[in-house]
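Using the sequences and the accompanying hints, generate a full structural model.
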Amino acid sequence: MAALSDQLLTVTIFLYTMAMLGYAVEYAFGTRGVVAASVVKEPVLVGGSAGYESVPGETWTAPVSEPPAPDQRAGRAALGGKVAVALTLLGVLAHTGSVVLRGIDAHRMPLGNMYEFVVFGCLVTMAVWLGIAIRKPSLRALGLFATLVTVLLLAIAATTLYVKISPLQPALNSYWLAIHVTAASISSGVFMIGFVPAVMFLLRRRWERTNSQSFPVSLGARMPASDVLERLTFRIHVFAFPIWTFAGISGAIWAEAAWGRYWGWDPKEIWLFISWVVYAMYLHARATPSIRRTTVTWIAIIGWLTMLVNLFGINLFVSGLHSYAGL
Amino acid sequence: MAVLALLRNAWRQLTSMRTALLLLFLLAVAAVPGSLLPQRGVAAEKVADYLRANPDSGPWLDRLYLFDVYSSPWFAAIYLLLFTSLIGCILPRLRAQVESLLRPPPAAPARLDRLPVSLSHPTDRSLDDVATVLKKARFRVAVRDGAVSAEKGYLRETGNLLFHSALIVLLVGVALGSWYGWHGNRIVVEGPDGEFCNTLQQYDEYGLGPRLGAEDLPPFCVRLDSFHATYQANGQPLTFSADVTYSENGPEKKQAVAVNSPLRLDGANVYLLGHGYAPILEFTDRYGRKQTTTAVFLPQDAMLTSSGVAIFPDANLDPATGKRDPSQQLGFQGVYLPTVPDNVADGSSKHPAENDPALMLVAYQGNLGVDNGIPRSVYSLDKAQIDAGRLKKLGEPHMLLKGGEPWKLDDGSSIRFVGTRQWATVSVRHDPGEPIMLAGAVLLLLGLLPSLALRRRRVFVRVTDGVLTAGALAKNEYPGLAEELELLLKEK
Chain A
1 MAALSDQLLT
11 VTIFLYTMAM
21 LGYAVEYAFG
31 TRGVVAASVV
41 KEPVLVGGSA
51 GYESVPGETW
61 TAPVSEPPAP
71 DQRAGRAALG
81 GKVAVALTLL
91 GVLAHTGSVV
101 LRGIDAHRMP
111 LGNMYEFVVF
121 GCLVTMAVWL
131 GIAIRKPSLR
141 ALGLFATLVT
151 VLLLAIAATT
161 LYVKISPLQP
171 ALNSYWLAIH
181 VTAASISSGV
191 FMIGFVPAVM
201 FLLRRRWERT
211 NSQSFPVSLG
221 ARMPASDVLE
231 RLTFRIHVFA
241 FPIWTFAGIS
251 GAIWAEAAWG
261 RYWGWDPKEI
271 WLFISWVVYA
281 MYLHARATPS
291 IRRTTVTWIA
301 IIGWLTMLVN
311 LFGINLFVSG
321 LHSYAGL
Chain B
1 MAVLALLRNA
11 WRQLTSMRTA
21 LLLLFLLAVA
31 AVPGSLLPQR
41 GVAAEKVADY
51 LRANPDSGPW
61 LDRLYLFDVY
71 SSPWFAAIYL
81 LLFTSLIGCI
91 LPRLRAQVES
101 LLRPPPAAPA
111 RLDRLPVSLS
121 HPTDRSLDDV
131 ATVLKKARFR
141 VAVRDGAVSA
151 EKGYLRETGN
161 LLFHSALIVL
171 LVGVALGSWY
181 GWHGNRIVVE
191 GPDGEFCNTL
201 QQYDEYGLGP
211 RLGAEDLPPF
221 CVRLDSFHAT
231 YQANGQPLTF
241 SADVTYSENG
251 PEKKQAVAVN
261 SPLRLDGANV
271 YLLGHGYAPI
281 LEFTDRYGRK
291 QTTTAVFLPQ
301 DAMLTSSGVA
311 IFPDANLDPA
321 TGKRDPSQQL
331 GFQGVYLPTV
341 PDNVADGSSK
351 HPAENDPALM
361 LVAYQGNLGV
371 DNGIPRSVYS
381 LDKAQIDAGR
391 LKKLGEPHML
401 LKGGEPWKLD
411 DGSSIRFVGT
421 RQWATVSVRH
431 DPGEPIMLAG
441 AVLLLLGLLP
451 SLALRRRRVF
461 VRVTDGVLTA
471 GALAKNEYPG
481 LAEELELLLK
491 EK
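These protein sequence lines map, in sequence, to chains A and B. Quick note: the first sequence uses the working numbering, first residue 1, plus one each step. Quick note: the second sequence uses the working numbering, first residue 1, plus one each step.
Hints in this document: simulated from the structure, not taken from any laboratory. This structure is a prediction, so every number in the text was calculated from the model and none was measured. One should not assume that every hint holds.
Said to hold, decoys possible - Computed cross-link-like contacts, DSS-like style, restricted to lysine-lysine with a CA-CA straight-line distance of at most 30 Å:
no. : chain 1 : residue 1 : chain 2 : residue 2
1   : B       : Lys475    : A       : Lys136
2   : A       : Lys136    : B       : Lys490
3   : B       : Lys402    : B       : Lys392
4   : A       : Lys164    : B       : Lys350
Printed below as a string of structure tokens:
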């Protein structure tokens with residue numbers, strides 16, 4: 001079953017790569033008009049002048065309208081996008097199969113080493129992406145970048161992080177593994193899909209301001225409107241932040257039982273804390289009207305970089321109590 | 001007056017969002033060096049190694065508290081300022097929230113169609129019917145001057161305040177833990193003579209909160225009856241467990257302890273953190289006097305290649321005079337291999353289980369240097385004595401088998417490798433801040449979820465001449481407001 005799990009992962013990577021091609025076809029040959037038409041007016045501030053008192057400093061904003069439904073896209077390009085979503089769905093199924101089979105073969109949660117952690121996190125990323133792509137076809141252009149990031153990470157997992165199935169280390173042998181590591185992996189996967197619209201927002205906003213034709217800003221020409229991307233970024237991060245918080249809390253409860261203290265500034269704990277503080281900064285900055293949305297989004301990108309430091313830097317180069325990479 | 005204005009201005013600056021963001025950023029950056037440099041609170045011996053390896057830069061880093069980042073004044077300055085800013089931020093918001101909860105929703109504006117979201121349709125309902133509908137949808141409703149005002153989503157701000165207050169609870173929990181918490185670590189060898197009791201003298205290393213004295217430790221004793229480890233073929237550990245006997249002011253009780261399931265006593269928990277082997281050696285000096293010692297050897301790698309020493313300061317005591325001759329003392333430096341590798345010259349064990357155990361010993365005779373009162377490592381011989389020629393090698397290194405033949409030394413003494421006992425590193429800890437931390441963490445999550453998921457919004461409705469006009473606005477970004485308004489006021 002382990003061999004089947006490995007083969008399914010190869011199939012998964014292949015399907016995601018094919019999906020990436022589909023998204024690319026739609027991206028390259030889709031009309032630019034869709035993008036241009038979806039510019040939404042800025043939110044209107046509604047203050048006390050509307051005729052009722054409000055607490056000083058409070059701003060009540062008008063709801064921002066959703067992007068208009070996609071226009072009739074050039075048929076063939078849209079077909080590319082639809083095929084890509086179908087391939088993504090197949091990929092997610094194969095991906096789920098790979099994770100489940102590994103768990104069955106190992107008789108435990110398939111989250112015992114870095115390979116399994118990354119593969120599970122990528123599954124969460126793609127599942128969230130699939131949900132977005134199906135519910136909001138107008139955002140399908142993100143698929144190109146979402147699959148790109150995922151395929152890169154899965155390829156690293158399959159080539160350099162891969163380890164054979166083995167029983168858990170004694171320290172990991174606890175029901176907290178299923179709680180703490182699952183929460184950490186899910187929130188990592190969600191933060192990753194949040195990173196994609198964050199980068200796209202910065203490119204798109206720059207393109208809107210400068211109309212530059214030089215790469216990579218020129219990519220912005222075919223992306224959804226910047227404020228749509230920005231709102232998506234925010235909503236994904238809002239979803240991930242409590243899960244990340246819970247990952248920290250459940251980790252602390254487990255650490256008390258395993259190591260005798262709930263918090264001990266182990267390198268992994270330190271970087272969980274750093275990411276948490278940076279994402280908290282993001283949420284606070286987003287709620288502050290005087291801070292520009294580009295600055296806000298840069299904080300989210302720094303947040304994702306701290307997640308990467310924690311995943312690769314700390315696992316592979318720093319020794320600590322969380323040295324479970326198995327490499 | 002000028003001073004007051006200055007203070008007020010400083011307070012306003014400190015409690016501003018920009019300052020809070022800057023402090024959060026500083027907190028994140030300040031936490032980084034602790035993950036790159038060894039920390040005293042985590043691994044004091046690694047700090048000592050670092051200082052030895054970097055005699056130039058090390059002391060400077062030390063002066064900047066870079067080996068004690070999380071207890072450094074600059075780290076404390078950042079989080080204390082942040083908490084001050086936090087309190088300065090939540091107090092006025094708490095008052096505003098209480099006021100808004102006490103006050104009915106505000107009066108409706110004159111022109112509802114000017115609100116961000118509005119609708120109008122013919123209706124059979126009266127204004128009171130509409131008020132009932134909104135009340136059922138759990139809005140707070142006020143009817144005045146021919147209009148309904150309704151508001152919902154107060155829990156968002158309440159949750160937000162709860163989240164931030166929970167952070168203060170966490171700070172209190174940490175403070176309590178560091179004032180009234182304590183821990184002690186030690187190695188415990190299997191068997192009745194390995195028993196220890198909860199006093200500071202019996203720990204190899206300990207830490208006591210500043211508000212505690214040695215007499216505050218609860219009385220109990222713990223004995224390690226047996227320790228079990230199982231491994232895979234490749235040497236990776238599968239399970240660690242121990243059987244212990246303990247007593248707290250009463251009869252002895254037995255319990256199994258494992259990683260992830262500590263021994264929980266009244267006022268302290270006992271955790272299993274590490275393990276290793278302790279060879280039992282029987283030494284017979286040239287006068288035929290026997291002594292047996294159990295020497296704790298420290299693991300050097302994952303396969304439990306272990307090293308340590310066995311010393312016999314009373315060796316070769318002349319039975320006629322009873323005088324101790326420092327030049328006749330014996331010490332053995334040893335490496336224990338639980339499983340001898342195919343090529344013994346490799347010098348490291350092939351597997352952590354005792355599949356094919358052997359003990360490599362090097363004998364030294366002379367002055368062990370134990371009588372000069374200088375504290376020394378119990379895991380190695382005194383290198384200064386060897387370098388000074390006061391402690392000399394006796395014969396060639398020798399390999400002993402478990403329960404095998406004794407090794408006869410040139411001076412007429414002999415040593416026999418009787419067997420091994422296992423030992424475990426235990427950590428005994430008490431942190432009275434833990435329940436507070438847990439409560440704080442639960443409150444934190446309980447506050448975080450509504451503060452991110454809910455939206456505060458207001459709905460105003462008028463009914464004039466059979467036509468219903470409604471308008472709504474949200475305090476937070478809420479794309480679905482128009483939909484909600486329509487659904488709320490839909491008539492069958």
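Here is what the structure says about each hint:
1. Lys475(B) with Lys136(A): 25 Å, holds
2. Lys136(A) with Lys490(B): 26 Å, holds
3. Lys402(B) with Lys392(B): 26 Å, holds
4. Lys164(A) with Lys350(B): The hint holds at about 21 Å.
Going down the numbered hints, you'll see the structure goes against none, and every one checks out.
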